[in-house]
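**Student:** For this one, chain A is given, so just place chain B on it according to the hints.
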Amino acid sequence: MDAEAPILEVRDLSVSFRSQGRDVPIVEKVSFAVGAREILGIVGESGSGKSVTAMTIMGLIDAPGVRVTGSALFRGQELIGMPQKALRRLRGREIAMIFQDPMTAFTPVYTIGWQIDEQIRAHEKLGKAEARSRTVRLLGDMGVPDPERTANRYPHQLSGGLRQRAMIAMALSCNPALLIADEPTTALDVTVQAQILDLIRTLRADYGSSVLLITHDMGVVAKTCDRVMVLYSGRIAERGPCDAIFAHPGHPYTAALLDSIPPLTGPRPERLPSIAGAPPPPLERPAGCAFAPRCHFTHDTCQALPPLLRYGQQDIACVLPKEGRPMPPRVTEYAQ
Amino acid sequence: MNARPLLQAEHLHKEYKLPRGQTLRALDDVSLTVMQGETLGLVGESGCGKSTLGRCLLRLTDLSSGDIVFEGRNISALSERALRPIRRRMQMVFQDSYASLNPRRRIGDLIAEPLRVHPDNEGRKRSAADITARLDELMSLVGLPQSALARYPHEFSGGQRQRINIARALALSPQLVVADEPVSALDVSIQAQIVNLFTDLRERLGLTYVFIAHDLAVVRQISTRVAVMYLGAIVEIGDTDTVLHNPAHPYTAALISAVPEPVIRHDAQRSLLRGDVPSPVSPPSGCRFHTRCPQAQPRCSAETPELRDFGDARQAACHFPLGLSA
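If you're matching them up, the sequences are chains A and B in order.
Be aware that the first sequence starts at 1, since it is given in my numbering, and climbs by one per residue.
Be aware that the second sequence starts at 1001, since it is given in my numbering, and climbs by one per residue.
Mixed in with the good hints there might be a few duds.
Unchecked claim - Derived contacts from chain B toward chain A, CB cut-off under 8 Å, selection only:
| no. | residue |
| --- | --- |
| 1 | Ile-1190 |
| 2 | Ala-1192 |
| 3 | Val-1259 |
| 4 | Leu-1273 |
| 5 | Gln-1295 |
Claimed, not checked - Label-pair ranges, simulated between beta-carbon atoms:
| no. | chain 1 | residue 1 | chain 2 | residue 2 | range |
| --- | --- | --- | --- | --- | --- |
| 6 | B | Gly-1323 | A | Pro-145 | 28 to 36 Å |
| 7 | A | Arg-18 | B | Asp-1241 | 28 to 36 Å |
| 8 | A | Ala-205 | B | Ser-1301 | 44 to 52 Å |
To be verified - Covered by chain A, per the in silico footprint, the following chain B stretches (three or more residues, Cβ under 8 Å):
| no. | segment |
| --- | --- |
| 9 | 1075 to 1084 |
| 10 | 1139 to 1146 |
| 11 | 1212 to 1219 |
| 12 | 1312 to 1320 |
Bear in mind the hints are in silico, worked out from the structure with no lab data behind them.
Where a beta carbon is used, it is the ideal one built from N, C-alpha and C, also for glycine.
Extracted from the complex, chain A is given alone in its bound form (with noise of 0.2 Å):
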């Protein structure tokens, strides 16, 4: 990594929505940092408050009754409390988001050409001609054939991998320093996906951009990211180089995630590792480690909430290294 300043840092991201009378805890203290053209993944499964911390940065969750604390600053500006119209100026241009469904983040009535060129006239001025080149080239970029032709088409002619690059050619229109993906390819094919997972991965060097990637896909990750943050129940499991935490994860949620997707390769097991019971719901969060209820190393220590400390590369939450006993190294079947 080098040692330049990050280009968005969160420090105790907490968000809490009030329902019934009582504060709902979504996401608790989390911190973490996107460096220049770094990929970091948000890595959870549903309801670990992924998408809400995401959501959070862009200053897209603004309902009544919701509580943000903490802070978020994107090149040194604090985003948390910035006023929409300040936040109107950054998003689109210099932080731009992508979303799961590509149909739903185009309005259907306009031409995909059209709405690209509206984005890019809307922080640059630009004429309609230019904006236009621009977007025809953006979509070639993007891998789209026959760009020209690709641009004067709506939203529903398009199949959903040739959606979701119209959407990143848009997201990607102002050059923005920081791209925010949530789920990109949940939606898609396994054979595009990796078209899209390998776009992604090229947008660093062609286009010098940040990514902050959403997924609940431990395999997505290992394609795509640099850094990988895991929440469990909205706090922090474990953070660190994916080359560190794929090799030795150090939080036992981390571990047993990685061991119950059935291995492509190798003898297959009778029986899947599994995680017994459910994440629990955020009103029933324990006051230690939340995942403690479903941990096979449980013991009475795990009942204060454990703080995220370093070993090694890696921050994490969990006694188990700090009383000398840390996760065996992962084993498996797939060749190195």
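**Tutor:** Below, chain B alone, put in the same frame as chain A:
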């Protein structure tokens, strides 16, 4: 493995008429056999026809043409009425565990419904006591507490709702269960629980599965045989290990290569397919895969390859199969 075929499908065609005289061929001459006790995995990308095939096998969707023989009896032309006693022998589990459960009815009611509709083995209407006993049995079979019976679908998590769906599918002790993407909507940790449940139930009840999924790793875990579909046709079918470790069809190989494995490789060079699946309304000529195939040759666009036997419990439809002499 018991060599008795439970279900045989021959030359299945399913066409949908579209406006402007177009036809969508969802299934184009699909033949396969499901043996008693085996699990046949159906994989392929969206629009390949795997779900249509699953529904057609159970006659939930009507075929355009073709024959389905279930337990030795041709069911492809039976009336709904004649099908009824057969329906209890073949059941389905769907992907969306919420949409397939009526939100206004209690779990006990939902699972009891097939027991109330269908008579018992002696042709008698089941008594309330019999139904209660069966419900308790089903709950313990799928690993849910008895107290679940009095609750409503929204009170359960996705994984628990899928257990409820499985309990309902098993209520009438079917022989064949077609499961359409039953774990795709679940988180990985829960997915593993449900895949294990399918495995356990197969052992305990001697079930036969047709397991439809887009996730190759899940299919590999549960299936004894695998059929790979592309644009309405089977391109490769055979023993799971043969097909997935040593694929003959370039499409199978590409699918495997596209799966993001949860392991870091720095030298990784994946062979990426270009483009998307073509529209099934106007599939490419010859081999349907030739427009995306890295091995395509002139013959591939002219001549449609038939499924051929390769002598290793596997058939593939390719003129130039990988690692095998043609």
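**Student:** For Gly-1323 (chain B) and Pro-145 (chain A), compare the CB-CB distance with the range 28 to 36 Å and indicate the outcome.
**Tutor:** 31 Å, holds
**Student:** Against chain A, does the segment 1312 to 1320 of chain B show at least 3 residues with beta-carbon separation below 8 Å?
**Tutor:** violated (count 0)
**Student:** Closer than 8 Å, Cβ to Cβ, for at least three residues: run that test on the segment 1212 to 1219 of chain B against chain A and report holds or violated.
**Tutor:** holds (count 4)
**Student:** Against chain A, with CB atoms and a cut of 8 Å, does the hint on Ala-1192 (chain B) hold up?
**Tutor:** Holds, about 4 Å.
**Student:** Would you check whether Val-1259 (chain B) satisfies its interface hint, that is, whether its CB is within less than 8 Å of any CB in chain A?
**Tutor:** 6 Å, holds
**Student:** Is the coverage entry for the segment 1075 to 1084 of chain B by chain A consistent with the three-residue Cβ rule at 8 Å?
**Tutor:** violated (count 0)
**Student:** Close enough to count: is the Cβ of Ile-1190 (chain B) nearer than 8 Å to one in chain A?
**Tutor:** Holds, about 6 Å.
**Student:** Going by Cβ atoms only, is Gln-1295 (chain B) closer than 8 Å to chain A?
**Tutor:** 15 Å, violated
**Student:** Is it true that Arg-18 (chain A) and Asp-1241 (chain B) lie within 28 to 36 Å of each other by Cβ?
**Tutor:** 54 Å, violated
**Student:** Within the assertion that chain A covers the segment 1139 to 1146 of chain B, do at least three residues meet a Cβ-to-Cβ distance smaller than 8 Å?
**Tutor:** violated (count 0)
**Student:** Does the hinted range 44 to 52 Å hold for Ala-205 (chain A) and Ser-1301 (chain B) at CB?
**Tutor:** Between Ala-205 (chain A) and Ser-1301 (chain B), where Cβ atoms are some 36 Å apart, the hint is violated.
**Student:** Would the stated hint for Leu-1273 (chain B) survive a check requiring a Cβ distance to chain A of less than 8 Å?
**Tutor:** 4 Å, holds
Of the numbered hints listed earlier, those contradicted by the structure are 5, 7, 8, 9, 10 and 12.
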